[in-house]
Amino acid sequence: MTAEASAATRPLLTVEHLTMRFGGLVAIDDVSFVANDAQITAIIGPNGAGKTTVFNCLTGFYKPTVGRLLLDRGDRKFLLERIDDFRIAQRAHVARTFQNIRLFPAMSVLENLVVAQHNRLMRASGFTVAGLLGLAVYRHAEQKAVELARYWLDQVGLIERADDNAGELPYGAQRRLEIARAMCTEPVLLCLDEPAAGLNPRESAALNELLLFICDEHKIGVLLIEHDMSVVMGISDHIVVLDYGRKISDGSPEQVRNDPAVIRAYLGEEEDKELPPEIAADLSNPQDGQDPKDPGGTA
Amino acid sequence: MEYFVQQLINGVTLGAIYGLIAIGYTMVYGIIGMINFAHGDVFMIGAFIALISLSVLGIVGITWVPLALLIVLIIAMLLTAAYGWTVERIAYRPLRGSFRLAPLISAIGMSIFLQNYVQIAQGARVKPLQPVIQGGVIVMEKGDFTVSLSYMQMIIVVLTIALMTAFSLLIAKTVLGRAQRACEQDRVMASLLGINVDRTISLTFVMGAALAAVAGMMFLLYYGVIDFFIGFLAGIKAFTAAVLGGIGSLPGAMLGGLLIGLIETFWSAYFTIEYKDVAAFGVLILVLVFRPTGLLGKPEVEKV
Amino acid sequence: MATENRTTQQGVGQTALEGLDLPAIAKDSFMAAVLVLALAVPIIGLRTVPAPQGLDIEGRWTGVAIAVAAAFAGRFLLNIWWAQRRSRQRAAQLAAPALDIGAYVQTFAKYIGPVLIVVAVALPWTPFASRYVLDVGILVLTYIMLGWGLNIVVGLAGLLDLGYVAFYAVGAYSYALIAQYFDWSFWVCLPLAGGFAAFFGILLGFPVLRLRGDYLAIVTLGFGEIVRVILLNWYDLTNGPDGVSKIPRPSFFGLPFDRSPDQASESFHGFFGLEYSSLHRIIFLYYLILVLAMVTNLFTLRIRKLPVGRAWEALREDEIACRSLGINPTNTKLTAFAIGAMFGGFAGSFFATRQGFISPESFTFVESAVILAIVVLGGMGSQIGVVVASVLLIGGTELFRELEEFRMLAFGAAMVLIMIWKPRGLLAHRDPTLRLGSAGVGKEAT
Chain A
3 MTAEASAATR
13 PLLTVEHLTM
23 RFGGLVAIDD
33 VSFVANDAQI
43 TAIIGPNGAG
53 KTTVFNCLTG
63 FYKPTVGRLL
73 LDRGDRKFLL
83 ERIDDFRIAQ
93 RAHVARTFQN
103 IRLFPAMSVL
113 ENLVVAQHNR
123 LMRASGFTVA
133 GLLGLAVYRH
143 AEQKAVELAR
153 YWLDQVGLIE
163 RADDNAGELP
173 YGAQRRLEIA
183 RAMCTEPVLL
193 CLDEPAAGLN
203 PRESAALNEL
213 LLFICDEHKI
223 GVLLIEHDMS
233 VVMGISDHIV
243 VLDYGRKISD
253 GSPEQVRNDP
263 AVIRAYLGEE
273 EDKELPPEIA
283 ADLSNPQDGQ
293 DPKDPGGTA
Chain B
20 MEYFVQQLIN
30 GVTLGAIYGL
40 IAIGYTMVYG
50 IIGMINFAHG
60 DVFMIGAFIA
70 LISLSVLGIV
80 GITWVPLALL
90 IVLIIAMLLT
100 AAYGWTVERI
110 AYRPLRGSFR
120 LAPLISAIGM
130 SIFLQNYVQI
140 AQGARVKPLQ
150 PVIQGGVIVM
160 EKGDFTVSLS
170 YMQMIIVVLT
180 IALMTAFSLL
190 IAKTVLGRAQ
200 RACEQDRVMA
210 SLLGINVDRT
220 ISLTFVMGAA
230 LAAVAGMMFL
240 LYYGVIDFFI
250 GFLAGIKAFT
260 AAVLGGIGSL
270 PGAMLGGLLI
280 GLIETFWSAY
290 FTIEYKDVAA
300 FGVLILVLVF
310 RPTGLLGKPE
320 VEKV
Chain C
983 MATENRTTQQ
993 GVGQTALEGL
1003 DLPAIAKDSF
1013 MAAVLVLALA
1023 VPIIGLRTVP
1033 APQGLDIEGR
1043 WTGVAIAVAA
1053 AFAGRFLLNI
1063 WWAQRRSRQR
1073 AAQLAAPALD
1083 IGAYVQTFAK
1093 YIGPVLIVVA
1103 VALPWTPFAS
1113 RYVLDVGILV
1123 LTYIMLGWGL
1133 NIVVGLAGLL
1143 DLGYVAFYAV
1153 GAYSYALIAQ
1163 YFDWSFWVCL
1173 PLAGGFAAFF
1183 GILLGFPVLR
1193 LRGDYLAIVT
1203 LGFGEIVRVI
1213 LLNWYDLTNG
1223 PDGVSKIPRP
1233 SFFGLPFDRS
1243 PDQASESFHG
1253 FFGLEYSSLH
1263 RIIFLYYLIL
1273 VLAMVTNLFT
1283 LRIRKLPVGR
1293 AWEALREDEI
1303 ACRSLGINPT
1313 NTKLTAFAIG
1323 AMFGGFAGSF
1333 FATRQGFISP
1343 ESFTFVESAV
1353 ILAIVVLGGM
1363 GSQIGVVVAS
1373 VLLIGGTELF
1383 RELEEFRMLA
1393 FGAAMVLIMI
1403 WKPRGLLAHR
1413 DPTLRLGSAG
1423 VGKEAT
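Protein chains in written order, with my numbering: chain A, 3 to 301; chain B, 20 to 323; chain C, 983 to 1428.
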């Protein structure tokens, strides 16, 4: 399934020298990487490696201390570090999901997806005036919004639950809904923060399919934080490994899997020792990979 | 210059009272992240209990001032603490982990309830008290303007400093203080480690109420009049003080109280007395807009 | 109180009273009674009364006894009720689905709404339409309108505004002063007053709406007090505590309701050839506030189904998620704040023209708290809940006038108890604004 990075791919996101300090704590230290358009780029690393912080910088929730985050959509370029959080989603079209799912629990599944199309609908409703008057422009726009929502509900298999409250969905369905909601903003870059966390193997496999579909059919870049190696190794085109806020490896799944620095980060400092066979098997066998634990303990 | 010094003394005294109330706000906010809206009314109840017990002592015949004041102080602290405990138990504990606005609304309800409860039980009229501690020392004299420091003001400042010190030690050194700080950091983890979170939160309310009782008693003795409505304004100003100093921080609460006391006093002295409350509220809005973490508060990183 | 746990461990399968640990319940209730005794003795038991030398104390021990007995009995019954509920749940092995009154009312809202409107419209023509009844009706409708206005801010957008009365005051004073100085008609002054109130809403909202919920609450409270203090002290403009009087009364499209108006104009009763009656003006005011309130309601129902309305609700649910979807939180909150303020301003204008006299005393924090209580008790976001709560709270207190002093006490207690019982309010129930029904694509929910 792994597609090799072809020469035709175009860099969508270029991160250069990203550094984020909280007081004295350096959460990210001079990290640079590139994520290509229409490819899946995974960011992995032990707990506390700074993965989510990278996402928060990308989506404007944190302002990076140092660094340049260039999003090149082909037609327009954006320096994400200079844009407010909601404008990144609004103008640069970067969408994200959250590690702890953030839906609108008291609103229906369909409403969650329609809210995601807020800016387009706002314009169509003439900033509420045309909507209040009940003009046809707005009604058409709303129908189109519902159509888009219906399309994504079909893709994530939630069409039956469209009128239920989002908060009443089971956990796995909430994760899928959050992805559908992000896709309803029509992003060019989709950032997923541990989408497979808490999913059972079957749901996890379905997630793989969904992500590949999003990437191949909709030709958008996907940036993925994940612990589940079966997801990461199975679908990523490119993997970036972080440890203690630094980038320690970067390359194709093959390259990363065999990188001694990565093995060291995941399995501890004793680099001379051979890997225990079952762990080596886990790492190289993406099918039944498990949540890698960091035996060295993280900060 | 003399006028300035006199206002400084008055401002510090007022600030000490605000600071003591502010500690109650700041501790509760630190531990459960909620504004205890009824805290100002707990302060008012403290003042009433002090007034009532003073009157009873007067009738019983205990008139030696130091003894009477000590008894009043103890009674007021104990009974007000009981009020603080009850308020938490009824209005806040059942709502822990509930809908975001629910505890705040129940706190407002509690505040309205307590105000009207005292109004009905004790009457709406202003309650005067004969001066208990009179006299003072003259600090400066120039022409016919004298700068005086009354004994009452001395007592207020000294008592406040003593309580603050004792209290800081309590938080820093004792098991209770440690439990409290643990709950502030992470309530779930604290309970997993065997800390009784409910009891720790209750004790926080109890301590806040006891300090508010001291403030109430000092307010009563200093101003000589109280009514059922004093909690509203004093509460908002003390909350402003807590925010100004940095909510969650004990020294911050004291510093904020001092600043609010000084701002209010100087504003009344040099500008207009009518708008002194506007000054306090204005400060509150400015602080929240420009420095929401307050002077000594730690910057809060938004959890995404 | 530990009985809660102790009774849980009672044997399974026992029913009703058999499973009760009566000694433990009695002990728990006794402790509650002791606590209440300690609380009640100083405040209720010893009443301070003015005396020649300072204060005297008057004992009122019956009050204490009643409080203690009530605490004991209340706690006892509460414990039994808890225990029974638990044993019922054990017997059923799962909690029976709680009766959702809100959903129930909502299903009938289609019918209840029109019925209520018909009743409201017909009221002045029914036999009991005395001046008193209409006055109460006007009062209740004013609070319904204020509740609906605040519902936009608190119920939909989730912004806890404790200074709503400030906008009510701004509306009332703008109306009074404009009408007095420029002698413009009600229909010109009304939008101006609403506009002023909305402007104040934006003025306050812009800097403070980024604050977290509870900070926002306290800042709006402070703002409400600032407005009141300014009204109280700015003599040149507001006449201070004496208030503004002789505010022009509304006219029926230029026809005043006076018995004998100036030569220039004809009076209402003259024009229609009716017998003069002071009731005409009251009926007119009644319909005026009914129309204003219905406009507020229709506006809210409509805007809830527009993007901005959905964004308000989404912000109430999760602001961070909204930001990740490209929704501008400050602007969205600001519209809610400004629109809520505008309706507050309209209601204020009506208040001013109805009273003919306004003073800062009408705009205290308690007023804000009452409006908030109406919204909260009715069920945040529920339009019909506001109606029910207003009728109960405002109409109800009118019925029990002699208990005036207990009114606010009951208010406060009700706020606490209802929050404990139903944190989202009595009739809190939300229907989706859009449905993906099988019938059609995105058919609007009715």
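Incorrect hints may have been included.
[As the list claims (entries may be wrong)] Coverage of chain C stretches by chain A, computed from C-beta distances (three or more under 8 Å per stretch; other residues unrestricted):
#1 1279-1293
#2 1309-1319
#3 1411-1418
These aren't lab readings, by the way, just hints derived from the structure by calculation.
Where a beta carbon is used, it is the ideal one built from N, C-alpha and C, also for glycine.
Each hint tested on the structure:
Figure legend: the segment 1279-1293 of chain C, annotated as covered by chain A; annotation consistent (8 residues with Cβ-Cβ distances under 8 Å, at least 3 required). Chain A is given as covering the segment 1309-1319 of chain C, and this holds because 4 residues of the stretch bring a CB closer than 8 Å to a CB of that chain, at least three being needed. For a cut-off of 8 Å, the count of residues in the segment 1411-1418 of chain C with a CB near a CB of chain A stands at 6, and the three-residue condition holds.
In terms of the numbered hints stated before, the structure departs from none.
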